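Asker: Letter by letter, the chains look like this.
Number of protein chains: 2
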Amino acid sequence: MKNIRNILNSRSKIDGNFFVSIQNILGFKPKNIAYFKKAFTHRSMNIKDAEGHPINYERLEFLGDAMLGSVIASHLYTESPSGDEGYLTKMRSKIVSREHLNELGKDLHLINLVESKIPKGHFGDNIYGNLFEALVGAIFLDRGYKYCEKFIYKKVIIPYVDIAQLEGKVISYKSLLIEWCQKEKKVFDYNVYEDTGNDEIRHFSVKLSIDNKVVSKARATSKKKAEEKASKRAFFVFQNQISKDNPSL
Amino acid sequence: MKNIRNILNSRSKIDGNFFVSIQNILGFKPKNIAYFKKAFTHRSMNIKDAEGHPINYERLEFLGDAMLGSVIASHLYTESPSGDEGYLTKMRSKIVSREHLNELGKDLHLINLVESKIPKGHFGDNIYGNLFEALVGAIFLDRGYKYCEKFIYKKVIIPYVDIAQLEGKVISYKSLLIEWCQKEKKVFDYNVYEDTGNDEIRHFSVKLSIDNKVVSKARATSKKKAEEKASKRAFFVFQNQISKDNPSL
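Top line first, the protein sequences correspond to chains A and D. Using the UniProt record's numbering, you'd call the opening residue of the first sequence number 1 and step up by one each time. Using the UniProt record's numbering, you'd call the opening residue of the second sequence number 1 and step up by one each time.
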């Protein structure tokens with residue numbers, strides 16, 4: 001009896017952790033945690049519902065992909081009033097590219113939440129993007145379009161969607177920043193160090209200083225990405241001054 | 001002075017007609033008629049806004065296509081709990097096929113509302129589907145996702161989305177109905193007549209009688225389509241009786 005109680009307790013502790021992790025990622029309380037459980041269940045678990053339908057995240061990917069498509073479409077429509085249909089389609093496919101979705105899933109450490117019979121190290125890169133899509137699908141079922149839209153703004157559009165960069169006007173914020181520092185005779189320093197912490201994947205952190213003052217910090221899965229992220233953040237700090245020298249921005 | 005007043009009056013009468021026509025199609029009052037004006041302005045009008053951006057329906061098509069995609073995705077996700085990702089994708093592409101969208105646009109007579117310098121007879125079939133997509137995009141901008149979803153349910157999903165037919169289980173409701181009538185020794189009659197009315201395109205109407213009683217009516221752009229539509233309606237009237245003989249339905 002005591003044993004069963006212990007098992008149940010530890011089970012509900014695991015479920016409690018899952019709930020908290022999901023809440024932290026979402027920024028709000030899930031109403032029906034079952035949608036999110038499904039979004040992180042791999043087919044290898046071989047679970048079925050009462051009607052015999054498999055419970056795993058694959059169908060949620062389809063739903064999440066559609067929601068991402070429409071939220072990004074509506075953002076581009078508003079933000080790019082001069083872009084024609086072909087341009088809007090091209091921009092959207094850049095934003096929801098497999099590579100980009102994988103990066104988003106990695107940044108949110110979604111793989112830590114997966115239930116699977118396959119060891120996590122055996123998955124390819126695509127699992128990150130698939131989990132991200134499934135998570136968006138679960139948000140839609142749990143809370144509807146508005147919450148889904150908010151989540152995509154917070155996690156995709158605000159941090160990553162930069163129309164200037166997508167258009168290829170800005171290839172690298174790092175080179176833009178270095179160029180500006182050199183021109184303005186400012187001393188810059190990228191202090192990069194390994195910072196994997198509890199993550200399963202290697203991570204790097206960077207502190208970017210200009211004239212011996214830290215102006216931005218970033219963390220990512222490669223040195224190059226961390227530097228670019230920090231540069232972009234610094235760019236927005238000095239945007240007005242940098243733009244004076246680059247009227248096309 | 002009187003002339004100008006007459007012109008303005010007749011102009012506002014035209015605008016008033018447009019408003020009423022849109023309201024009839026939507027089933028609700030548009031908040032900002034400008035979105036709908038845009039959805040029915042062809043590029044040949046060569047109109048630009050204050051910033052020099054062209055005003056026509058092409059960008060709205062992109063938006064409407066994305067909204068159709070996500071509403072249909074969420075419908076299929078719920079309605080087809082056993083369908084996997086590949087199946088859901090295939091079903092969606094059947095529903096939002098160019099051919100199907102053209103049919104929807106034709107049924108709503110959307111071409112009657114177009115402003116264009118090109119004579120309406122010179123457009124190909126795709127203008128119907130394009131206008132339908134643009135209309136959905138305008139609804140999204142005017143009223144948001146919920147109204148967009150309602151409109152798509154009313155005009156696309158309820159009247160046209162029949163998973164049994166899409167899956168190919170039912171190829172033709174006409175043959176299904178005739179088979180059933182023959183088996184049950186019922187007399188059926190398809191009374192088809194041309195019924196173009198004020199439309200620019202030829203239309204046909206059909207009255208379907210079973211045992212000398214009209215059971216359904218339909219109207220479409222070909223005899224075959226009108227008969228199929230009437231058969232489908234009759235099928236739903238007799239569904240319980242027909243299903244007894246066809247346990248797979």
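Incorrect hints may appear among the rest.
If several chains are the same, the list does not tell them apart, and a pair holds so long as it fits within one copy or across any two.
Here are the simulated SDA-like cross-link-like pairs (lysine to any residue), alpha carbons at most 20 Å apart as the crow flies [stated by the list, open to error]: (1) Lys38 to Asp84; (2) Lys37 to Pro81; (3) Lys186 to Glu58; (4) Lys29 to Ser209; (5) Lys117 to Phe18.
Hints were generated in silico from the structure; no laboratory data involved. Keep in mind that this is a model prediction, so the values were computed, not measured.
Asker: Are the hints correct? Go through all of them and say.
Answerer: Against the structure, the hints come out as follows:
1. Taking identical chains as interchangeable, the C-alpha atoms of Lys38 and Asp84 lie at most 20 Å apart only when they sit on different chains, with a minimum of 14 Å there against 38 Å within one chain.
2. Taking the shortest Cα distances, Lys37 and Pro81 sit within 20 Å of each other only across copies (17 Å), while inside one copy they are farther apart (39 Å).
3. With identical chains, the CA atoms of Lys186 and Glu58 are never at most 20 Å apart, being 51 Å at best within one copy and 47 Å at best between copies.
4. Taking CA atoms no more than 20 Å apart as the test, Lys29 paired with Ser209 passes in neither setting, with 38 Å inside one copy and 56 Å between copies.
5. Within a single copy, Lys117 and Phe18 get their C-alpha atoms as close as 18 Å, which meets the 20 Å cut-off; across copies the closest is 60 Å, which misses it.
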